[in-house]
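Participant: Listed here are the chains, written in short residue letters.
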Amino acid sequence: MSKEVTIDTSGIYYKELNEQINKIIKDNLDLELITLNNVLGQRFIGNGISKNNLTIVINGIPGGDLAMFMKGPRVEVYGNADHAPGNTLDEGKIIIHGSSGDATGHSMRGGSLYVQGSVGYRSGIHMKEYKGKTPVLIIGETAGDFLGEYMAGGIIINLNMQSEDTEFVKNSMLGTGIHGGVIYIRGKVNKSQLGVAADIKEFTKEDLEKITYYIEDYCNEFNYSDEIKNKLLNSNYTKIAPISSRPFKKLYTPDIR
Amino acid sequence: MIPSTVPPKYKITIDHDKCILCGRCAKECAWDAIRKSKDKIITYDNRCGSCFRCASMCPRDAITIIENPSQGRKHPVWTPEARQDVLNQANSGCILLSGMGNAKDYPIYYDNIVLDACQVTNPSIDPLREPMELRTYIGSKPEKLEFEYVEEEIDGKKVKKSKLKTKIAPNLKLDTPIMIGHMSYGAISLNSHKAMAKAVKRCGTFMGTGEGGLHRDLYEYSDNIITQVASGRFGVNSEYLSKGAAIEIKIGQGAKPGIGGHLPGEKVSAEVSMTRMIPEGSDAISPAPHHDIYSIEDLAQLVRSLKEATRWKLPVFVKISAVHNVAAIANGIATSDADAVVIDGFKGGTGAAPKVFRDNVGIPIEVAISAVDDRLREQGNRNKVSIIASGGIRNSADVFKSIALGADAVYIGTAAMIAMGCTVCGRCYGGKCCWGIATQRADLVERLEIEEAADRVSNLIGAWTHEIKELLGAAGINSIESLRGNRDRLRGIGLNEVELKALGLKQAGL
Ligand code: SF4
Ligand code: SF4
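Residue numbers (our numbering), protein chains in the order written: chain A, 5 to 261; chain B, 868 to 1377.
Hints are not guaranteed to be accurate.
Said to hold, decoys possible - Derived pair list, reagent style SDA-like, types lysine to any residue, alpha-carbon separation capped at 25 angstroms:
| id | chain 1 | residue 1 | chain 2 | residue 2 |
| --- | --- | --- | --- | --- |
| 1 | A | 27 | B | 1032 |
| 2 | A | 137 | B | 1138 |
| 3 | A | 243 | B | 1148 |
| 4 | A | 55 | B | 1180 |
| 5 | A | 253 | B | 1138 |
| 6 | A | 55 | B | 1082 |
| 7 | B | 1180 | A | 29 |
| 8 | A | 19 | B | 1013 |
| 9 | B | 971 | B | 939 |
| 10 | B | 1180 | A | 20 |
| 11 | A | 135 | B | 1137 |
| 12 | A | 19 | B | 1178 |
Hint data in this document are derived by calculation from the structure and do not stem from the laboratory.
If we strip away everything but chain B, and leave its shape as in the complex, we get (with noise of 0.2 angstroms):
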């Protein structure tokens, strides 16, 4: 016999002289990994995932989720994890299924990057006195602006006035540059939808519902949703359309580019079913593309039926994961009549993704972003869409960059379930979030309390626009347009001339 076990990661240690043994542990882990017997509490640690909720709902601290010391011989090559997943396959036959993003230590740009400011000559501008602009219009922007001069009557003198001719495309009006990106009711609960739509409303901003169609509850804050129309199409049909301030396409996402995506049948509930408009427990598969585009002229007549069907209204984005072609592909989208692209980098979190995806495919989004912006403006494309940015933005410093390299805005996805309790745990595909977000099961979603969420979230936002303001002002900046594309006020700092070059940046001391 082979044997066949593959060690646990993680060890649940119980400090049996502090456990009171009140059992609370057993009832938060929803893995089963944690039971209580009549005088001990016993742990099934190839169960855990070290997602915290018993440490921190433990009343007496007893309980530390450490890495399992005991995971065999130390080695450079083949790691544990190595091993592990080499164990689980040949166990299995299957692929392997992840959550969250990208867990393989690439090299982050964003910490790379260095900011300027403003000393003795260039005064730096203090937010707290002076106007510190950060509102943002997504959308297409006119190439120039005509105007017609119409005579009119005032107080019997005639009077020539200037009328704005060009018509101008809708735009979305942003308080502030940060965005929630798209993660679907199915993927994440309704009361982590819900709290989402509270905060974006809060800071004046957007947040998108992902592919899973929009539940009535939400329907109350459509003017700050941007709906999604994915290759499984669920939940379209033109009321849902017509719920949002703007409609995004999605043909990929950073966290497994090339592929569609599947949501198990076990997420989808009664409530799940009716917004996806499927039937409950069967599987609701994305296939990997979108069956009526094969290509850019495919894309452009989506992007149109999409404006047919909301009479030219609304703002049609269009989401590419970034790829090594990304600039071409966006600069595509942009003669298209989409109005933004939205740029995905191989750092995003999805709720389930094949690991050999979420950790080996796709390009990091700082270098994507230098790609299209330099590529639109080339072409004479820039004003006609906006770029927003998403994949793996950790702090403000990072939307601050991301502005500076080329982007319009960003969204934030991990960042905004970190505000609500998620700890990163990567198991958001097996339905069973201890935190109650990446989960279906009604015990579970009732323990993320809804205004709570909300308040952490725009907490996090309002935190980062005030950052955001402090960081203009040190650069001496007084408008987050100024910023924009604004790659010299970066430099780069330990990265080779290549890479530099691929950011479009200077050699920090330069």
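Bound-form chain A, shown alone (with noise of 0.2 angstroms):
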């Protein structure tokens, strides 16, 4: 029994690496940290894992779909990540020190997903919440474009700290066929870059304490300064919000009447 185990994943086929971690969860009960050291694009590490009180640190770069379907672990990248981290994720925590690519945070249901950096297309698509569940993400620099593609729930905040507050991002198509859920830019969005069902809504008071929170975690998660965080608070936000949550209503009519 071992509260810690760390791996050498060097020249370890994902298959085997997935088991080997299974295994020394299954054999630990007490396992708190597992380190893998040399990751070099082993696919779906931490998949379908449900334990509480683990933290997976990965050195290097994982392989696509990182997390999915993961129940409660804490997943910390010091690299980047491949495509779709965080992939219809339950509960948990995924922090990456780097960029990330497509379909980031596909189909979240719950959990958090941090990007220090920057992700790709279709980031957050679909994500969902119902009830207690509501999934976050946050994404330290630029998002690829149909950010929030048919997004059911949960919240997404772009920080673009590449840029400044008062300029435009360069999404397109944000949040196309959005009918739950919030997604917070900073900086301007123009009414022509978002997608349809989407809308502008004002940012209020409520919205901004909403997301206090989770700048404050980002922040401390990334270890960013006092300075840079109040800086991220007194910032100005876009809003996207769904125009309603039945978008497809007025689509369709019976075929007989």
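Using the hints, put the two standalone chains together into the complex.
Facilitator: What follows is the structure, given as structure tokens:
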């Protein structure tokens, strides 16, 4: 029984690596930390792991679908991540000290995913919430187009730390098909940058209250100074939310009257 | 002013001599097509979808639902339906929504295929006397079996024992090659799901959950359940995935190839919202593609990640709709670690689909089975995946023909619903199914008696299973394995040369 395990993953195929991880978790009930060194493209790390009080530290670059279906653990990546980290995440926290690929946070239904750098296209697609479970995706720099597509719930915060909050962001097709949840973008957004079904709503005091905790937490995770934190908290945000929870209601008519 | 009235399709006629004014019909019709006034039953024909509930419940048989003879002039091109659709869309500017399967008059190839039987020289087998093997394993099969010999000491003697070295992929064990396909909780009621779950358990087979998650009341049937992961990822978490015996990735559906699904907010009740894990009353939208799948390689990645999440213990199926290049796609799927490919033909049912898709997109399942079976054999991949065929399978002969064409097993959907009372009225999307099937309205759901419906469905599967045994016996075959892909036992009738070629069949008489 050990509390901490380290694996040098060089040259280990993803299947064997994940088998090893699962076995270690099974054999060590008190396990608190797994450190994976030299990770180079191994996919599916953390998939379907259901355990609280466990941290998985990844030194290197994990492959696609990192922590898919995961419930509980904290995953910390010191490096970039490939596409769809946090895919259908259930609970837990993923911290990426780098950037990540397309469909980051695909269909997250709970937990949080913080990316220090940028994310690819279609990130936060189809995130959804139910009762107490609200997924949160925070992106430090830029996000590719179609951010929050088909979003059905949860919170996306795109901090755009590479630019000033007075500038227009570069995204297009923001929130296409969104019918739940909310996207906060630090900076300005033109209506023409929105996808169908998305709308720009007033950023209110309640909204600021809602995101304050997450921004503070984000800054703590990445060790940002108070100065940066305050700058982020005092920035201008654009709030993007659905026009309705039934975007397709008016699209159809019964074939019998 | 342009008159915009669409003439009603059906006419509700009440025989006022027989009617005793009990008002039962008015209570039974969820569409408000019948009302009872003080001394008369009043009908609103334009609301009627001919679901037949009122007529079956009338204690005096006083109700007849007929096609409305007054739908304007008969015309071979501009049929009443064509005109009604134009009017409807000219009025609304909307996409026409429809339910159930393809309602156009396409050829049904099953009905142009006849079966073989034994006479004199090759005796038939009597299934009542001799065992008939219908057991079917769904999943990947190894190319070859390898054994190793280990020496063991038994009673002081050294004995060489052979042990299987080849790793066998997880397979589903079916007592009959008939399963119930995926119809989601949300599209249909919990009582329907429960009835079907009971039935498949009794019959030693499986049912699909559809993409709406799994209600906890069905957890006890998990050994007979195939969960589904679709583009909306509704209700999907690791608990759900582990609650089934297999997982199916839904790429497409025969009734609406190429598009996703929208469960209208009206049907997202409190319970449905719980299993789907979305707020009550919001639309449940499944996008057209999975946004983490843009290629066969991405599909392989999802297959593998589902396997990883369930520790490689469950078979993973991939369901696609039957389209022109179905063979190439199925072959790609076979190389992706998937264990079965489900092909859904264009006659497959649905809770809701744009009419233009339901009636025009996709190809018949019969030709798709042949094409896929042929291609997988050519490429040496047939053992890697099982083929499950679905979409318009109406009787045991259709099942038999599907297997002889190359399928391992079939999914039925509409047939199971008809067994539970569905009258194929095609208004499932309206959420008011008077038979308690395609609805979430509590008072309507209650109408479906679970035990009775379970009996009906298991009777149906049982009856078909018997018939398949008889057909096998008549063909002189005692195992379904020997029928699989055995197209030599089929002949085409009334088909042209190209059709015969596509199906891989000989002409009857040859
Ligand atoms: S919709 Fe059904 S119940 Fe209502 S009148 Fe028509 S056939 Fe009868
Ligand atoms: S399930 Fe109900 S609404 Fe759908 S076709 Fe059958 S009877 Fe009609």
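Participant: All hints are to be evaluated individually against the structure, with a verdict given for each.
Facilitator: For each hint, the structure was consulted:
As the CA atoms of residue 27 of chain A and residue 1032 of chain B are separated by approximately 23 angstroms, the hinted pair is consistent with the 25 angstroms bound. Restraint check: the Cα-Cα separation between residue 137 of chain A and residue 1138 of chain B comes to about 16 angstroms, which is no more than 25 angstroms; the hinted pair holds. Distance restraint check for residue 243 of chain A and residue 1148 of chain B: the Cα-Cα separation of roughly 23 angstroms lies within the 25 angstroms cut-off, and the hinted pair is therefore satisfied. Pair hint residue 55 of chain A plus residue 1180 of chain B holds up; C-alpha atoms about 20 angstroms apart against a cutoff of 25 angstroms.
Under the criterion of a C-alpha separation no larger than 25 angstroms, the hint pairing residue 253 of chain A with residue 1138 of chain B is consistent with the structure, at around 21 angstroms. Proximity of residue 55 of chain A to residue 1082 of chain B is assessed by CA-CA distance (about 23 angstroms); at most 25 angstroms being required, the pair is judged to hold. About 18 angstroms separates the Cα atoms of residue 1180 of chain B and residue 29 of chain A, which keeps this hinted pair within 25 angstroms; it holds. Restraint check: the Cα-Cα separation between residue 19 of chain A and residue 1013 of chain B comes to about 23 angstroms, which is no more than 25 angstroms; the hinted pair holds.
For the suggested pair residue 971 of chain B and residue 939 of chain B, the alpha carbons sit about 21 angstroms apart, so the restraint of at most 25 angstroms is met. A threshold of 25 angstroms between alpha carbons decides the hint, and for residue 1180 of chain B with residue 20 of chain A the separation of about 15 angstroms falls inside it, so the pair holds. For the suggested pair residue 135 of chain A and residue 1137 of chain B, the alpha carbons sit about 11 angstroms apart, so the restraint of at most 25 angstroms is met. Between residue 19 of chain A and residue 1178 of chain B the alpha-carbon distance is near 10 angstroms, which keeps this suggested pair within the 25 angstroms criterion.
The earlier numbered hints are all upheld by this structure, with none contradicted.
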